[in-house]
Amino acid sequence: MTAYLAKRLIIAAVTLVLASMVVFAVMEILPGDPARLMLGFNASADQVELLRNQMGLNAPLVLRYLHWAGGLLSLDFGRSYTYSVPVVDLVRERVVVSLPLALIALALSTVIAIPVGVFSAGRQGRAGDTLAMGAAQLGVAVPNFWFALMLIYLFAVWLRLVPAGGFPGWNAGVWPALKSLLLPAVALALPQAAILARVARSALIEVLNEDYIRTARAKGLPYSAVLWRHALRNAMIPVLTILGLQFAFLLAGTIIIENVFYLPGLGRLVFQAITQRDLIVVESVVMLLVAAVIAVNLLVDFSYAVVDPRLRGRQ
Amino acid sequence: MKLWKTVLAAAVLTFAAITSSFAARTDLVIGIPLEPPHLDPTAGAAAAIDEVLYANVFEGLTRIGPNGEVLPDLAESWSISDDGKTYTFKLHTGVKFHDGSDFSADDVKFSLDRARADNSVNAQKGLFAQIDKVDVVDPATVKVTLKNPQGSFLYNMGWGDAVIVSPKSADANKEKPIGTGPFKFQSWAKGSSITLVKADHYWGAPVSLDKVEFRIVPDAAAAVPALLSGDIQAFPFFDPDSVSQVKGDPRFHVVIGSTEGETILSINNKKPPFDKLQVRQAISFALDRKAIIDGASAGLGVPIGSHMSPANKDYVDLTGLYPHNVDKAKELLKEAGLENGFKATLKLPPPSYARLGGEIIASELRDVGIDLEIVPVEWAQWLDQVFTKKDYDLTIVSHTEPNDIDIYSRKDYYFNYDNPTFDKIIAELNLTSDEAKRKQLLGEAQKILADDAVVGFLYELPKVGVWDAKLQGLWENAPIQANDLTKVKWTD
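Sequence order for the protein chains is A and B. The opening position of the first sequence corresponds to residue -6 in this note's numbering, with each subsequent residue numbered one higher. The opening position of the second sequence corresponds to residue 603 in this note's numbering, with each subsequent residue numbered one higher.
For the record, the hints were derived by calculation from the structure and aren't laboratory data. Be careful, since some hints might not be right.
[Unchecked claim] In silico negatives: residues of chain B with every beta carbon more than 12 Å from chain A: (1) 636; (2) 642; (3) 686; (4) 694; (5) 696; (6) 741; (7) 821; (8) 830; (9) 849; (10) 905; (11) 941; (12) 954; (13) 1018; (14) 1079.
[Said to hold, decoys possible] Derived DSSO-like pairs: lysine-lysine, alpha-carbon spacing no greater than 27 Å straight-line: (15) A:172 x B:915; (16) B:698 x B:778; (17) B:778 x B:1089; (18) A:172 x B:813; (19) B:813 x B:1089; (20) B:745 x B:687.
Keep in mind that this is a model prediction, so the values were computed, not measured. Note that beta-carbon positions come from the ideal geometry of N, C-alpha and C, so glycine has one too.
Kindly generate the complete structure, drawing on both the sequences and the hints.
Right under this line is the structure:
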């Protein structure tokens, strides 16, 4: 168990270092000068040079990498070029939108997907299964921004139950804030739920065909007991893997949904920073996301060990 | 008896009028497509900064009015010496900054000296280049001495980049802007919205609104439901392609106005074969402006024949010089020795006028034998490759700075255009303040650019505003990029 986790931790650390180099290099190769972007068409070349110096952009590449990476180690993420505030402050403001959104979406997709998967697996090939999997196919195929717009027209414009977009902030109260995250969470969750339901169904069907399930049924256990106690637990590993991947996707990959609902989340921050060549913000936020993804994967690895006792004993 | 009735009726009406004016809304949520990077108009070129703060939070010596005219602002009046080099500004008294400190001539000197200092990163430093010195005569009088007479000086002082700031708060304006305007900054929820509220003491005419929120809505598709649901009541800069969805809805006003955005097909004048006049003229003949406006701007936008807004008083209509004529274009290419046509690239920045217009222009140029490869780029790439390194053949961009015909005389500008006659006219224009003389010089300048077919002049970018039909006082045109809220009010 300890060896298993130690190995995972070392792999995680190496991944972080490599990722930091790749992220930094990619942002450097990208054409575009943040100083020129800030000063626009009318500024002279001398002035752009002056601003570059003030922003510390003229220091040698390796030196800037070491400065940045060293800062990350001491949890100093640098200052944004365009906003001229610490990156940490920007992230703190955004994460209170993105994290709850991702968690709600994740919870929603799990709550929808697992029952649908179980339902479908139990009726393999029958009308209910075909219907549920048809719906799931649709859920995978429909682009989420289009689905989001349909939700807005129905619930915000027509029924006026929720705002069409924007985020009032948690200061405005828990309910108004949650209300504005509801539609985006549904728009995010449904395609994820569709994928998850399909995975849960196929994993469950595979397990239900195992010999031990037949044995359990043969010794007289009722179907529901076999399903819940034996089959579902064994089908959890692929489901957990997908859940882990989805969480990372939900946390960072929400750029489109955040644009449609104009939510001030992490995806928007990164997107804006890329267009404005706010290199330090892009680099630091991407590193944070990399760290989050690695942390979630570690958690998933750890949960395998909980679900599957054989992994605990493995050296 | 009759008189008594009339008096009573009048009293009732007056009472009704007063109560209804008390009952009118005083809050407003405005949608803006881009978030300002920071809130200091003197430290960045982003139009979004002025769209929130200009005339609302910050004021200058002069200001630009709704139709591009120069109006007095913090300076109530001024006099100009006979040699045109000394401007004496008489300032308003009793003006306070939002932090409670008093405004005086010292702040004017501080602001102008700061903007033109060696280490200044003011994005429009050129506006202040002619200032020789700024002297405080008394707390309400300031004297600005120029190196040379400058015809556009009063206009220049009306730019957002020339607003007056206080030495106590100037360095913190990026996060917490302190100005002298009728609205003061309240809060900025980054990525989401910026809120202004009515200032406690304001020296000028009182404003009707108590609270204004600028909400950032980056996606054009999200703007329509935000309007329909009533969440946002005004989009002063609306996406032309979405107009059809709200047009005809009596709840909204759709207002099409003009901007200072000359949308052009920029040509690299030094790069063969574009260095040949015939080739550039052939391109101008090949362009069908109407088709481009229909396709790229939903049919909105006025054709231009040179680098000047048709709304400008000095505009000369030169659109007839190169009518759409494919045969003429082919003939000119033959004269240039290119009867078999040639290949070139067309780099397109992200705005839809460029991406949509580019497709149309590529097909129009193909008709005369010019085969264009379309290269989409982001703004950062465009500024780097096209604007700074001049590594391009053709590109489409809208030059939104007002009165910017002088860019064609700038050394090293990305057009790579060099015409001493044109440079001389601009040099003379800069020294001229006589209106009639300026008009004549500006006319000549426009003519030269059109004759030389320096770039393909397409159309003036429209300003499409959509707002609640009960809202009054928003600008119809955009002589500068601003959302002046000083006259905005709700009617019922």
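Q. Is the Cβ of residue 642 of chain B more than 12 Å away from each Cβ in chain A?
A. With a cut-off of 12 Å, residue 642 of chain B comes too close to chain A, as the shortest Cβ separation is near 10 Å.
Next on the checklist: A cut-off of 12 Å on Cβ-Cβ distance, and residue 954 of chain B was said to be off the interface with chain A. Does that hold?
Outcome noted: Its Cβ never comes within 12 Å of chain A, the nearest being 16 Å, so this holds.
Non-interface claim for residue 849 of chain B, where every Cβ of chain A lies beyond 12 Å: Fine: 17 Å to the nearest Cβ keeps residue 849 of chain B off the interface.
Legend entry - Holds or violated: residue 745 of chain B to residue 687 of chain B, with C-alpha atoms at most 27 Å apart: Between residue 745 of chain B and residue 687 of chain B the Cα gap is close to 10 Å, so the pair holds against 27 Å.
Check the hint pairing residue 698 of chain B with residue 778 of chain B against an upper bound of 27 Å on the C-alpha distance.
holds (16 Å)
A cut-off of 12 Å on Cβ-Cβ distance, and residue 636 of chain B was said to be off the interface with chain A. Does that hold?
Nearest chain A Cβ is 9 Å from residue 636 of chain B, so the label is violated.
Worksheet item: Per the stated criterion, does the least C-beta distance between residue 905 of chain B and chain A lie above 12 Å, as a non-interface residue requires?
Response: holds (23 Å)
(Q) Hint check: residue 172 of chain A vs residue 915 of chain B, CA-CA at most 27 Å. Holds or violated? (A) Roughly 51 Å separates the two Cα atoms, so the pair is violated.
Quiz item: Is the Cβ of residue 1018 of chain B farther than 12 Å from every Cβ of chain A?
Solution: holds (15 Å)
(Q) Minimum C-beta separation from residue 694 of chain B to chain A exceeding 12 Å: can you confirm that? (A) Non-interface label stands for residue 694 of chain B: nearest chain A Cβ at 29 Å, farther than 12 Å.
Proposed proximity, residue 1089 of chain B with residue 813 of chain B (alpha carbon, max 27 Å)
holds (14 Å)
Practice item. Would you check whether the claim that residue 1079 of chain B is not at the interface survives, using Cβ distances to chain A and the 12 Å cut-off? Key: Answer for residue 1079 of chain B: holds, closest chain A Cβ roughly 21 Å.
In this structure, the hints that do not hold are numbers 1, 2, 7, 8 and 15, in rising order.
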